[in-house]
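Hey, can you work out the whole structure from these sequences and the hints?
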Amino acid sequence: MFVFRLDSGSGVPPYLQLVHQVRQALLLGFLQPGDRLPLIREVVESLAINPNTVAKAYRQLENEALVTGRPGQGTFINQTPTATVSPATYTSLRRGLQAWLDRAYAAGLDEQAINALFTSIHREAKVEDVA
Amino acid sequence: MTALDADSALRTDGLGKRFRQTWALRDCTLTIPVGRVAALVGPNGAGKTTLLRLLVGLLAPTRGSVEVLGQSPTTNTSQALSRVGFLAQEHPLYRRFTVADLLRFGQACNLRFDRDLAQRRLSALGIPLDRKAGALSGGQQAQVSLALAVAKRPDLLVLDEPLASLDPVARREFLQSLMGAVADDGVTVVFSSHVIGELERVCDHIVVLNHGRIVLSGDIEMLLAEHRMLLGPRTTNDLDRSPNVIEAIHADRHTTVLVRDGAAPAPGWQPQPVSLEELVLGYLRRPAHHGTGSTTRESGAEA
Chain C
1 MFVFRLDSGS GVPPYLQLVH QVRQALLLGF LQPGDRLPLI REVVESLAIN PNTVAKAYRQ
61 LENEALVTGR PGQGTFINQT PTATVSPATY TSLRRGLQAW LDRAYAAGLD EQAINALFTS
121 IHREAKVEDV A
Chain P
1 MTALDADSAL RTDGLGKRFR QTWALRDCTL TIPVGRVAAL VGPNGAGKTT LLRLLVGLLA
61 PTRGSVEVLG QSPTTNTSQA LSRVGFLAQE HPLYRRFTVA DLLRFGQACN LRFDRDLAQR
121 RLSALGIPLD RKAGALSGGQ QAQVSLALAV AKRPDLLVLD EPLASLDPVA RREFLQSLMG
181 AVADDGVTVV FSSHVIGELE RVCDHIVVLN HGRIVLSGDI EMLLAEHRML LGPRTTNDLD
241 RSPNVIEAIH ADRHTTVLVR DGAAPAPGWQ PQPVSLEELV LGYLRRPAHH GTGSTTRESG
301 AEA
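In the order they appear, the protein sequences are chains C and P. Just so you know, we're using the working numbering here: the first sequence kicks off at 1 and counts up by one. Just so you know, we're using the working numbering here: the second sequence kicks off at 1 and counts up by one.
No wet-lab data here; the hints were simulated from the structure. Quick caveat: nothing in here was measured; it's all calculated off a predicted structure. Backbone N, C-alpha and C define an ideal beta-carbon position, used for all residues, glycine too. All clues stand as given, with none of them false.
To spell it out: a stretch of chain P is covered by chain C in this simulated footprint if at least three of its residues, at any positions, have a beta carbon under 8 Å from a beta carbon of chain C; those stretches are: (1) 179-187; (2) 200-208; (3) 271-285.
Right under this line is the structure:
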């Protein structure tokens with residue numbers, strides 16, 4: 001059974017953390033079509049989290065067509081592996097990031113500064129996403 | 001009655017409470033929708049306990065009105081209170097009663113009381129029913145109190161500082177039980193706390209009290225979306241006068257401003273999302289008795 005975690009200090013809204021974890025697990029193959037996500041009650045009990053938050057995360061995953069909720073049975077990963085990236089896309093993204101990193105180091109940023117910049121832009125993008 | 005009324009678990013209008021010469025609470029107008037988990041936060045002495053006791057009819061208002069599940073808790077006590085569970089601070093129990101005695105007592109005192117449910121809950125937590133309440137650990141006592149309150153099958157659960165005396169493990173276990181009750185019964189929860197860190201995972205609604213007044217109240221996600229932290233070069237402008245500026249903190253070379261709504265950042269200002277803790281603290285540091293106006297702090301004074 002898939003296990004969620006929650007980072008209280010990350011600044012990312014709890015429901016988005018759950019959504020991200022499912023997306024990531026799909027990308028990495030830890031979740032596969034037909035797998036059942038834990039019941040809302042189970043997530044609530046294990047994380048001490050508001051059930052509305054879990055329901056909201058599951059709704060969003062459903063809207064993204066990643067999962068299907070079946071009444072009385074649970075929420076299941078869909079057959080269409082919509083979230084996996086093709087190896088070509090992956091390679092191209094990786095190359096782009098590598099080139100960007102080289103530029104950042106050349107400009108004098110260290111790892112910490114790069115992470116801070118990345119987190120900051122990532123958060124802004126997410127806020128626009130939500131708004 | 002409008003649709004809005006039907007959807008609120010509790011509402012107060014111009015609520016105030018005076019003890020002798022001192023107003024413990026004033027001008028308190030708020031609505032909490034059904035099914036919410038609402039946190040009531042603020043420093044000690046802000047009026048949290050007074051507000052909670054007004055909600056459950058343990059105090060009568062000096063001014064204004066309270067409506068809980070469509071009833072007034074003071075004029076229609078028995079009807080209103082049969083649907084409300086209340087956990088006072090320090091979760092008081094009859095120390096010489098065994099857990100089983102307490103459950104029997106709860107059943108005798110309440111119209112609705114699901115003793116089986118409480119017994120199942122407590123057994124699942126490994127709490128012995130034949131143990132005297134006084135011999136249980138703090139965390140176990142909190143769990144017994146919660147099980148008693150939940151066994152009433154209330155529509156509204158009011159808890160005064162339920163986490164204050166608990167260690168981190170007991171605190172987590174308590175929240176697990178509380179959120180389980182929300183998942184099972186859809187009960188509306190209002191609880192006070194002066195710890196902000198853990199609230200975001202359990203609450204979807206927040207009410208911030210300071211000096212007896214509400215300084216911020218609403219849906220947490222909406223409030224976070226409405227606020228921004230702006231980071232820019234140190235400025236000597238009168239930003240603090242704008243009603244949208246909640247707080248400005250000046251460092252030697254830069255200024256951080258907490259703003260609400262629309263305040264489009266001037267060029268050179270970098271907007272950043274605000275955390276719940278920053279938001280609450282920003283509002284708590286605003287000077288008392290001001291609807292608008294902000295605080296200005298020199299960061300050097302903190303160090």
